[in-house]
Amino acid sequence: MERWLVTGANGFLGSRLMKFYQEKYEITGAHHGNLDITDEAAAAEFVRAAAPQLVIHCAAISNTGTCQENPGLSEAVNVNGAVNLARACRETGSRLIFMSSDQIYAGNRTMVPAKEENTPELVNVYGLHKRQAEEEIMAILPDSVCLRLPWMYDFPWRGLKSNSNLLGNLLKALIQNRPLTLPVHDYRGITWVMEVVKNIEAAGTLPAGIYNFGSGGTLSTYETARAVLVMVADGEDRSGLLIPDQERFAEQPRNLLMDTEKIRGCGIEFPDTLEGFRRCFEESPEYMTGMIRQR
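Using full-length UniProt numbering, the first residue of the sequence shown is number 1, and each one after it goes up by one.
Think of the hints as simulated: they come from the structure by calculation, not from any bench.
No false leads were mixed into what you were given.
DSS-like, lysine-lysine: derived pairs with alpha carbons at most 30 angstroms apart:
(1) Lys19 x Lys161
(2) Lys198 x Lys24
(3) Lys161 x Lys24
(4) Lys19 x Lys172
(5) Lys161 x Lys172
(6) Lys161 x Lys198
(7) Lys19 x Lys198
(8) Lys262 x Lys115
(9) Lys198 x Lys172
(10) Lys262 x Lys24
(11) Lys198 x Lys262
(12) Lys115 x Lys198
(13) Lys262 x Lys19
Take the sequences, apply the hints, and build the full model.
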């Protein structure tokens, strides 16, 4: 049985990877309770002990606001921690998959989905540090795979970490009947986390390099939310729950949409954003019933 090591094993993505693949692979989970990835010696020893064929590095400070306010912390975890793991993998001969971010594209001044080779201005600390980590990882361990992930969502499953995501925010709005304000000038390929989870296995055999890894689309965050409400409202108009924010990003729309041609060329497919929501709902009928009852 192939051995995997998943960092951030208690996190939003990591916890789902652990659960989904636990019967197929021998998986060791690293989390802040048993490994400080900013400690180079500790990281090296942990990887040596686990002796994995594949290391999936999910651990990060992913809140962009936290990174902006605490750049030193972000650098320590998001850059130095990743570098420590890359060095450890070089020592053990493990392959590394690094979870990067679409925030690298936050400075995109066009409305065209970004390709991997595009180099827009890095406008926030999180994106800056993810890009820096990519560069340092590829220099240390050229056979690595870096996956630029979009904003992901899922239902809040018991025993699995939840995060701030569009589906969760819509659930709260429905349950509490409290309007939700969303930007109309913000474009993202919002992705069901389980699509990422299911495609990670294939990512382990990708040619080395950087890949956009998530759903495509053309809709703004506000437009996506309206469409999702239509899916769950069972014919009832719930559009009043959404308030369009016309001011945020008005001067320069934020475009985090990613071109997925490269990953599709490797045989890995993602549905577009709305199809991803449909699949999520189809595979979670108990939650769908609950959402409809809240209409």
